[in-house]
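Taken in sequence, the protein lines are chains Z and R. Going by this note's numbering, 240 is the number at position 251 of the first sequence; the sequence numbering is gapless. Going by this note's numbering, 167 is the number at position 178 of the second sequence; the sequence numbering is gapless.
Calculated directly from the structure, the hints in this document are not laboratory data. There's no promise every hint is true.
Copies of the same chain look alike in the list, so a pair counts if it fits in one copy or across any two.
To be verified - Listed next, the in silico DSS-like pairs over lysine-lysine satisfying Cα-Cα at most 25 angstroms (straight line): (1) Lys197 / Lys98; (2) Lys197 / Lys81; (3) Lys81 / Lys283; (4) Lys283 / Lys103; (5) Lys103 / Lys197; (6) Lys81 / Lys235; (7) Lys81 / Lys98; (8) Lys235 / Lys141; (9) Lys283 / Lys141.
Number of protein chains: 2
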Amino acid sequence: MMTSASIPRETAVIGLGSMGFGMAASLVRAGFAVRGCDLRPDIVASARAAGIDAGTDAAVAARGADTVVTVVVNAAQTDTVLFDNGVVGAIKPEGVIVSCATMSPGDAKRLASKAAASGIDYLDAPISGGTTRAAEGALTVLTSGPAAVFAKARPVLAAMSETLYHLGNEIGTAAAFKIVNQLLAGVHIAAACEALAFAKKLNLDLAKVHEVISRSAGSSWMFQNRGAHVVEGDYAPRSAVEIFVKDLGIVEDIARAERFPAPLAGTALQLFLMTASAGMGRDDDASVARLYAKIAGLELPGGTAEP
Amino acid sequence: MMTSASIPRETAVIGLGSMGFGMAASLVRAGFAVRGCDLRPDIVASARAAGIDAGTDAAVAARGADTVVTVVVNAAQTDTVLFDNGVVGAIKPEGVIVSCATMSPGDAKRLASKAAASGIDYLDAPISGGTTRAAEGALTVLTSGPAAVFAKARPVLAAMSETLYHLGNEIGTAAAFKIVNQLLAGVHIAAACEALAFAKKLNLDLAKVHEVISRSAGSSWMFQNRGAHVVEGDYAPRSAVEIFVKDLGIVEDIARAERFPAPLAGTALQLFLMTASAGMGRDDDASVARLYAKIAGLELPGGTAEP
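The whole structure should be built from the sequences, with the hints applied where relevant.
Take a look at the structure:
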């Protein structure tokens, strides 16, 4: 058993959006010394109000940290905070960067190599589970990278997750698992919206459709979760349409580069793009149902208010 | 409480394919007097070997029955067995037809009207759950039709199902629920196959992908169920590609008639058609994964043996 002195306690969380905020709060609860950073002053103010030592300077947050968790939007932002905003120069020399943004395996490898050139360890660590589970410290975290690096980051990962995988020693493997998951998640959200709008067109009771199909072979995690948003007419963003424009965009970029046809992912991406194009990009991703309603002149729960 | 004498015991099952066979066996176990019928002599022989009083004449099976359960492929076959092969003339005058084939709400209404013209009650009763659950008497049965008709058929329905819904008094409502379920089920099977083939292209361990994503937000009932067939390389038909060519065909027929766009269902239908076109129509519906493998030159579990 490790003594408490050997556990790395100094942790920085870069990116305090809905996921990063919940992860930082989980780390505070678990007894870590947490500093946070976000470029948006309103987000920083919320974090401070919740007792997190937060600011807008990534290097200040990372100064002397054992572990820096980056929870930003994509590979480009991760690159910027690590190498342009000074995280790599501020973290302890034996520290670990835990990189949580969804990105291509190639981007994960490139960022790990850049970190290695500065002598800093990097763990490929995409997350899944949404805002509620982030707040509960109950995420699924997929990791890959050298076993010794995983071991160093493990206490921090354990405090944020209910399910923690180490999927291999190669950077990029976890990123690839996450991308395959996002292909399915994106298609399933769009399919849930297509099916519920179709059910409305057939004059069915949507709450009953959601109840019955959630217990049938047509069910999916997303049908149960996002279908509830459609039934309740609640499009406040838990996860926004733009997230799947981004993630299915990564799927399609990889698929095109690999000469792999992915017609369902491609169709789902077009549906998210249409929904964003219709002005709903920042709304909940279940808004794809409102795109169908708009096209077909249907009245879904929550009324016909234009977004 | 009903006395045992008041329970309708004489039951015929028309169509003894994998679903009908399991349902007939469940009814025998529950103490019903069951006669079965199938046009295929080998299927009749199997049913007899299992102790079911079976033959190839639908009218003989239906003679004097309280309940006739039709478990054939589609509306056209249901129409043929009921009205051309003499079931409507053979069933008891106060008997009930329980119609289980997946069909459009319009076809369900048409068949119920034809039965009513002969004074026979008809229940719209599509089923879900697959061969294993049929054999266990553990199907999900979705029904709609007049409450009195549902009440008459209830003992037979209860013996075949774990979950039994009466979704309304109108014929066609249950058919519509089933069609919405099939839209999702078909898209989810094709998406599972697209995702697993993509994972193979990315050199991931498919068994691990199946395990991890089954516990993540990308999961679906079909990803768990059919994904296992891909991981095991087992394409022996539990449900064949042709079933989803048919069911997504019904979805698209309705959607086109209603002027409702269903791009994901349409894309999934094309994938099942490509798989059938490549010679795998009678194989397990997870064979869509082998279509991707064939196109992209991938070796999935089970080897590259041509179907």
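Results of checking the hints against the structure:
1. Lys197 / Lys98: Between copies only: 21 angstroms across chains, 47 angstroms inside a chain, cut-off 25 angstroms.
2. Lys197 / Lys81: Classified as neither: same-chain Cα gap 55 angstroms, cross-chain 34 angstroms, threshold 25 angstroms.
3. Lys81 / Lys283: Close neither inside one copy (53 angstroms) nor across copies (50 angstroms); limit 25 angstroms.
4. Lys283 / Lys103: Intra 46 angstroms, inter 38 angstroms, cutoff 25 angstroms: neither.
5. Lys103 / Lys197: For Lys103 and Lys197, neither the intra-copy (53 angstroms) nor the inter-copy (29 angstroms) Cα distance is at most 25 angstroms.
6. Lys81 / Lys235: neither (32 angstroms within a copy, 61 angstroms between copies)
7. Lys81 / Lys98: Only inside one copy: Lys81 and Lys98 sit 21 angstroms apart there, 72 angstroms across copies, limit 25 angstroms.
8. Lys235 / Lys141: For Lys235 and Lys141, the Cα distance exceeds 25 angstroms both inside one copy (31 angstroms) and across copies (54 angstroms).
9. Lys283 / Lys141: neither (51 angstroms within a copy, 43 angstroms between copies)
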